[in-house]
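K.L.:
Here the protein sequences come in this chain order: A and B. So in this note's numbering, the last one in the first sequence is 395, and the numbering has no gaps at all. So in this note's numbering, the last one in the second sequence is 798, and the numbering has no gaps at all.
Since the hints were made in silico from the structure, they are not lab data. Mixed in with the good hints there might be a few duds.
Using 25 angstroms as the maximum straight-line C-alpha spacing, the simulated BS3-like pairs for lysine-lysine come out as follows [said to hold, decoys possible]: (1) B:K640 - B:K458; (2) B:K572 - B:K644; (3) B:K572 - A:K11; (4) A:K160 - A:K131; (5) A:K9 - A:K160; (6) B:K781 - B:K458; (7) B:K506 - A:K330; (8) B:K781 - B:K703; (9) A:K9 - B:K781; (10) A:K242 - A:K160; (11) A:K74 - B:K781; (12) B:K644 - B:K458; (13) A:K74 - A:K158; (14) B:K572 - B:K640; (15) A:K330 - B:K572.
As the structure is a computational prediction, the values presented were derived from the model and not from experiment.
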Amino acid sequence: MTRLSFEIKFKSPNALTHGSIPVEVRRPNLTLAATGLTSETIELEPGSYYVTARLPAGQELYGQVEVQEGLPNKALLRPDIEDESPHEWQASQHYLVAQQMNVRAPKGMLEALGGEPVEAKLRCIEGNILKEDYLISEPENWYSNYGDNLADFAISGKDKIQFAQLLQPNWPALNMALPAFSPFRCRLVVIRQPDGRFTFDAHLENSAADMLLRYSQKGFQEQSALTAKALDAERLLVDKAKDPIAASVGAYSLLRFGMVEYMHDWTENLRNWFEWLPDGSAIRGEHYARLGQHREALPAFLELTERGLPLFSDGLSYAVDRLRVYSGLKDFFSDSNQQEQAQSLLETLQATAACTDFREPFTTFTGLVPHRPDNELIEEVVTVDDALDLAQVFI
Amino acid sequence: MTLIVDNRTQLQGQPGLHAIIAGVSAYRHLPGGVDVLASATYGMEQLSSTSLTAYEIYLWLLKRQAHLPLPLATVRLLVSPSTEEAAQIGAQLQQLGVNACTRQNFAAEVKQWRTDASSNNDNITFFYFAGHGIQRSKNDGVLLLEDFGDPSEGTLHNTAEIINIFNGMAPPASIQKKMARTQFYFVDACRVLPSAFKNFEKMTVPDIFDVELSGADDRQAPIFFATIPGIKAYALKNEQTLFSKALLKCLNGAAGEPSPEDEHGNVAWHVSVQSLNKALDGFFPTLTAMPEAEQAFSMGGYPTGDPKIHTLDSPPLVEVVLQVDPHEALPFTRVVIMDTDSGQPVTSLPAPLNPHPFTCQVPAGIYSINATIDPTNPLYVDRPGKPRMLLPPRFPWRRTVTP
């Protein structure tokens, strides 16, 4: 047996170049020889191997290697030139989120004279939407980068839960949780789609967690398990650079793939040490429920009233599903107070869930007034104050 | 009678696969139905292919039963066909004695199915529903049964909640009680919440299984949803649903994955939960051959581990889509797919590629695909290919031949 390491080569280096990307190593007869991470080495018998890494957006890095006994063996992985990101700063969006970003007329066809009109605005929501204890304001210090119909905002974390609100005519107001909390930042990517509509997406500062979130969202169990290993969510709670949001991504991935045995008791720490984080409660509640400890799960879910909407749509989904089951049980609640609290929280969460886009990993729902979710279309965004005008960004 | 396959006696208590398949096309209380119109129909209409789909799934299970991970123990089939569907498969359904998919029948059969599933922890269950559906959360939805919308009942009275069925199939709290630990769910229905329903989010769906708190849940239980939350599922009129078309294509090879070599060095191919997920996730529009339909697949439930679903007879074919960029270079570009073992072309391709992009099929394997400029042209360059693994279902190949 000998060891194989990996090197990733993109046209221009980006966050993934030195990242931990899950790889598959296959023999010439296509059988799977090993799986692992590009940041690690893999033990193999000498022979010929084909190595691939499938990125969450669908691109494939590949390489071929002859593994020889007693020699340092390295597989060089590259994407096809045609799959490379157009810019280094767009790499996360390009490789992690399958989405059309560029709107270019085919050569030889008509070209646009002047830019497309932009009528869209962004606002920031801070606070607890469930308790109607929040403020809406114009985003401050959202540094942006712009190119190819894509604006990339760097958003600093605060000591409150933040949502971004996107407003555009003939579409409902769209609210998306931002995975940022002091001292961690996140990135908000606003994209102008080919039909002129704007969409947005967020990225975590922790690139391993961001990649795990995308693999997990797609249901890629193998890649998720390997990335979760690299992320080591438990360590993210105890290290100096505590990152409970990245740890939450790890926890949701383990819950999604039913790998509850890897969760031990650290979800209790996630819940107790970061009292501002709604997802700590939702994760602990679902963890208890999977263990069959439903009476312990309920108080954890009920903490959402004080903490607010989970940042991740998995958390909202778990809370709604469990509270709906518990509400139908006889003799389950410790007292009528608890029952009323559960019923009230369920009604509030259900109203949000009814307007939630569960395709999105971050809690994303419609409604101009966040605590009254609805699907009402915005007629004119010009009338909305305290907002960042995207016309200033999409020049 | 809806239990149309019953091999329990032959299996003598050995684990087996227990399937329940339901398809609803004819809705009694929707426009065009045979009964009093529902007070609100939420824009839903009669369907024409979901019963055919359910029947197709049954036929597939029957035909491929020797290639399933466990012997086929039971199959329950409930369908409510449209008039057109009844003309196609009515005689077969009558011969099988299949019942209509009303709430009462569905609830009764799901309960019997659970009883069978609870005979052995090693059992496998298979659940397939095709019909109208609405979304409640990421993992939950409501399945609308034949008598949905009966004006004499509550709006969602004749429906079933996925989460109630899923939770009802959870391992019981008592370790003395058994339950199949491998469960496959396929929900072939819309996952949109009609805006009118949003005013009724508190509407309750009657439980099929009494609410019971589960024990530790260690199931391998993926739910394959025909579409992603918030998006409609579609069907080909009087044929089958897009999801079932993609699913059957995948089960028959498009989601093939090589198993480890046996002691003789032979490699068998199989379809597993993860290979099915990858194929459906990456290639849903092309598997259905309806790229314009706004439908995409998603997986929920507990997709723990990677249980096998089906063993294939032979290595599957891979659809290779060849595209030369820019289009103007096409007359000068010759594309060849070479078998890396023999060094020979595996298939004869037209030069220039026509139609473009050009699609062909090759057995799964390792190939290099070369683009050669012939006759030479100073504007374009050769793009020799490196050996690549071509695995099902599809390998899109696009090469830019400008320097």
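K.L.:
Each hint should be assessed against the structure and marked as holding or not.
P.N.:
Verification of the supplied hints:
1. Proposed proximity of K640 of chain B and K458 of chain B is supported: the alpha carbons are some 16 angstroms apart, at most 25 angstroms.
2. With a C-alpha separation of about 37 angstroms, the suggested pair K572 of chain B and K644 of chain B falls outside the 25 angstroms cut-off, and the hint is violated.
3. As the CA atoms of K572 of chain B and K11 of chain A are separated by approximately 58 angstroms, the hinted pair breaks the 25 angstroms bound.
4. With a CA separation close to 13 angstroms, the supplied pair K160 of chain A and K131 of chain A stays within the 25 angstroms bound.
5. Using a Cα cut-off of 25 angstroms, the hinted pair K9 of chain A and K160 of chain A is violated, with the two alpha carbons roughly 39 angstroms apart.
6. Restraint check for K781 of chain B and K458 of chain B: not satisfied, since their Cα atoms lie roughly 40 angstroms apart, outside the 25 angstroms limit.
7. Of the supplied pair hints, the one linking K506 of chain B and K330 of chain A holds, its CA atoms being roughly 22 angstroms apart against a limit of 25 angstroms.
8. With a CA separation close to 32 angstroms, the supplied pair K781 of chain B and K703 of chain B exceeds the 25 angstroms bound.
9. With a CA separation close to 16 angstroms, the supplied pair K9 of chain A and K781 of chain B stays within the 25 angstroms bound.
10. Restraint check for K242 of chain A and K160 of chain A: satisfied, since their Cα atoms lie roughly 17 angstroms apart, inside the 25 angstroms limit.
11. Restraint check for K74 of chain A and K781 of chain B: the C-alpha separation of about 17 angstroms stays at or below 25 angstroms, so the hint holds.
12. Note on K644 of chain B and K458 of chain B: the hinted pairing holds, with a Cα-Cα distance of about 14 angstroms set against a maximum of 25 angstroms.
13. A threshold of 25 angstroms between alpha carbons decides the hint, and for K74 of chain A with K158 of chain A the separation of about 43 angstroms lies outside it, so the pair is violated.
14. Pair hint K572 of chain B plus K640 of chain B does not hold up; C-alpha atoms about 37 angstroms apart against a cutoff of 25 angstroms.
15. Taken as a hint, the K330 of chain A and K572 of chain B pair is honoured in the structure, with Cα atoms around 22 angstroms apart against an allowance of 25 angstroms.
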